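Colleague: Let the sequences and hints guide you as you build the complete structure.
Protein chains in written order, with this note's numbering: chain A, 66 to 389; chain B, 4 to 336.
Since the hints were derived computationally from the structure, they do not count as laboratory data. Given the structure is predicted, the values throughout are model-derived calculations rather than measurements. Any given hint might turn out to be false.
Unchecked claim - Listed next, with one range per pair, are the computed distances between beta-carbon atoms: (1) A:Pro162 to B:Phe28: 38 to 48 Å; (2) B:Phe99 to A:Glu99: 38 to 48 Å; (3) A:Lys215 to B:Met44: 46 to 56 Å; (4) B:Leu102 to A:Ser331: 48 to 58 Å; (5) A:Gly93 to B:Ala173: 50 to 60 Å; (6) A:Trp385 to B:Ser278: 26 to 36 Å; (7) B:Trp96 to A:Val89: 36 to 46 Å; (8) A:Lys215 to B:Phe99: 49 to 59 Å; (9) A:Lys380 to B:Ser278: 25 to 35 Å; (10) A:Glu99 to B:Val187: 57 to 67 Å.
Said to hold, decoys possible - Pairs of lysine-lysine, PhoX-like flavour, derived with a Cα cap of 20 Å: (11) A:Lys154 to A:Lys215; (12) B:Lys131 to A:Lys383; (13) A:Lys336 to A:Lys251; (14) B:Lys131 to A:Lys380.
The C-beta atom is built at its ideal place from N, Cα and C for all residues, glycine as well.
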Amino acid sequence: MASMSKADIGRILARQGILIAFAVFIIGFTLANERFLSPDNVMGVIRSSAILGVMALGVTFVVISGNLDLSVGSMMSFSTIVVLDLHDKIGPALAIPAMFAMTLCLGAFIGFLVGYLKLNSLIVTLGMLSAIHGLTLTYSGGQNMDIVDKEGTWFGVFGQGSALGIPVPILIFVALAALLGIVLAKTPFGRKVYAVGGNGTAATFSGIKRARVVFLCYVMSAFCVATAGLIQASRSLGSQNTVGQGLELDVLAAVILGGASLLGGSGTIFKTVIGVLILGFIQNGLLLVGLQFYVQFVVTWVIIILAVWLDIAAKRGKLWSNIA
Amino acid sequence: MEAGKLSKFLKNGAIWGFIVLELIFFSVAGEFLSLSDKAFMDADNMLLLLKQSAPIGIIAMGMTIIMVNGNIDLSVGAIFALSAVILLDSMTWEVFAGLGDWVIPVSWGLALLTGIVLGAINGLIVWKTGVDAFIVTLGSMLGFRGLVFMYNGENPTSSLNWTLVDFAEAQFLGLHTATWFLAVVTLVIWYVMTRTVHGRNAYAIGDNREAAVNAGIKVGPHMLINFMIIGFLAALSAVVFYSESGSVNPNDGQLYELWVITAVVLGGTKLTGGSGSIISTLGGVLAIQLLRKGLGHIGADTSTVNLVIGLILIAVLFLDRQLNTKGKEELKI
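Modeller: Next up, the structure:
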């Protein structure tokens, strides 16, 4: 360690820059408002981050495989509306698997287009953002969905219940993160995801079925979206058509904050969870110190750019770009 | 005709063929389904269509340059909204109280300046930090929108100036003011892209950045200027639109980036940069507006429009790939 040069220190600082910034924020917020680190508040923040977090887990797979998913927000609206509608028609026990099946079909469709037909994922998912939004509006007839008998259903357990003093949304988030973390880090499939995103051609030559891996990433993302929709629907037992609108950006922001490169091949589930928590705590902290709700948008902007910039700067060894 | 030329002709003409198909389809379908007894291809209706194309169309011209350059700009909707807020709010500022109607050019100038500055912020960050334009503008899409909300909360910003409304609703040689703006912007950007060094460099940089650098093209300043152009055009679009309506909600312009990118991609511009044409983008803009209007004409609601536009975007991407199998490998964004 003694032989560490100045450049090394700079590199480490840049690599960990986002964590350092996070620590500074946490300390600042705690000094400004003692409630910030109270167990109640911490639990509240994680709980309200859970929906975003669950979606970000799936998108992490997609991003590591070298693609994008901009359709998760409108897909989440779809899941929420469908499960609420079916709840009153066929009962919660059937509604949940039916909703999962429908959402997985959407994911499979996107996976087919991007994986097997090799279409550009940005445009495909941008198109699906619009198309699924239209599908949701058609399905609901433009109406908000509400469960009629809100008292007499056990459906609320996923969003409102708690076990061992921990809210169920947090338990779902943690369990799913652990499961997908293991899949990504410890299984052959996980290694294939990295290989496909890192160098698709090389992966193909080494016998990896690129199309199938990309396809499965989108199906996984859809599974996460369906889970998020379930939590959302269960939490409020009623919903607007546009409940997930714009969430795709927050999700992507969290994944990028976690350090996954949009070029593919890098990122981990753990880092994404950190990214989700950073977003959640900073938004909460800004509100607690009495700033307007909208300030968080501007702060998020600055944080995203700083995070990605420092990461890139560390890799190229200097702060400013080489662009002439 | 050689095979290469034929496929090029098919590709360049495809968007106009699509427009003709739409016109025929909606005219015929309208006969059976339309609730109004007016024909779809009514002259007034077509003029209105051009006018309604203007807000998206003006921004799409800027997006074409950006995408030819190999970048993307997701923040145009937010720039549009912030410029509109500045436009309408500045008309009521005390400093300008003595100006009378001369406040109009001043407010226009301020709004356009806002757009240029916001575009420059994007461009500078892309240039100096080397962060991908997708991430930079994804961030500023949030950030600029945050500024809009911080300006006036969730309240609409309103200011109706009748001189301005008269100007915006005027028709010259049969075309509305907004249509003229679209036409002039299209012409100017077309000229820039096909007849100037700046345009030629834009294609060169998008096609092969390294080669462009080796050829001595200053990539950074070039991209900065292009981001300023699209910022200016997003503001111009706001100026044209809000001069007439006189009231802006903080959510206005949301999803504009989706419509604009859809129009540009329909027009055949590649996300990978290096190819694209202003005239085809105009075709893409008209095709989308025609689709929205036509579906409305035959009684479909917004939900169907969203569904159809999304699927058409994907279909176009697929067809383009099929027509272009020997094309360059798609770059990952």
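Colleague: Each hint should be assessed against the structure and marked as holding or not.
Modeller: Quick rundown of the hints versus the structure:
{"no.": "1", "hint": "A:Pro162 to B:Phe28: 38 to 48 Å", "verdict": "holds, 40 Å"}
{"no.": "2", "hint": "B:Phe99 to A:Glu99: 38 to 48 Å", "verdict": "holds, 47 Å"}
{"no.": "3", "hint": "A:Lys215 to B:Met44: 46 to 56 Å", "verdict": "holds, 51 Å"}
{"no.": "4", "hint": "B:Leu102 to A:Ser331: 48 to 58 Å", "verdict": "holds, 56 Å"}
{"no.": "5", "hint": "A:Gly93 to B:Ala173: 50 to 60 Å", "verdict": "holds, 55 Å"}
{"no.": "6", "hint": "A:Trp385 to B:Ser278: 26 to 36 Å", "verdict": "holds, 30 Å"}
{"no.": "7", "hint": "B:Trp96 to A:Val89: 36 to 46 Å", "verdict": "holds, 38 Å"}
{"no.": "8", "hint": "A:Lys215 to B:Phe99: 49 to 59 Å", "verdict": "holds, 54 Å"}
{"no.": "9", "hint": "A:Lys380 to B:Ser278: 25 to 35 Å", "verdict": "holds, 30 Å"}
{"no.": "10", "hint": "A:Glu99 to B:Val187: 57 to 67 Å", "verdict": "holds, 59 Å"}
{"no.": "11", "hint": "A:Lys154 to A:Lys215", "verdict": "holds, 14 Å"}
{"no.": "12", "hint": "B:Lys131 to A:Lys383", "verdict": "holds, 11 Å"}
{"no.": "13", "hint": "A:Lys336 to A:Lys251", "verdict": "holds, 16 Å"}
{"no.": "14", "hint": "B:Lys131 to A:Lys380", "verdict": "holds, 15 Å"}
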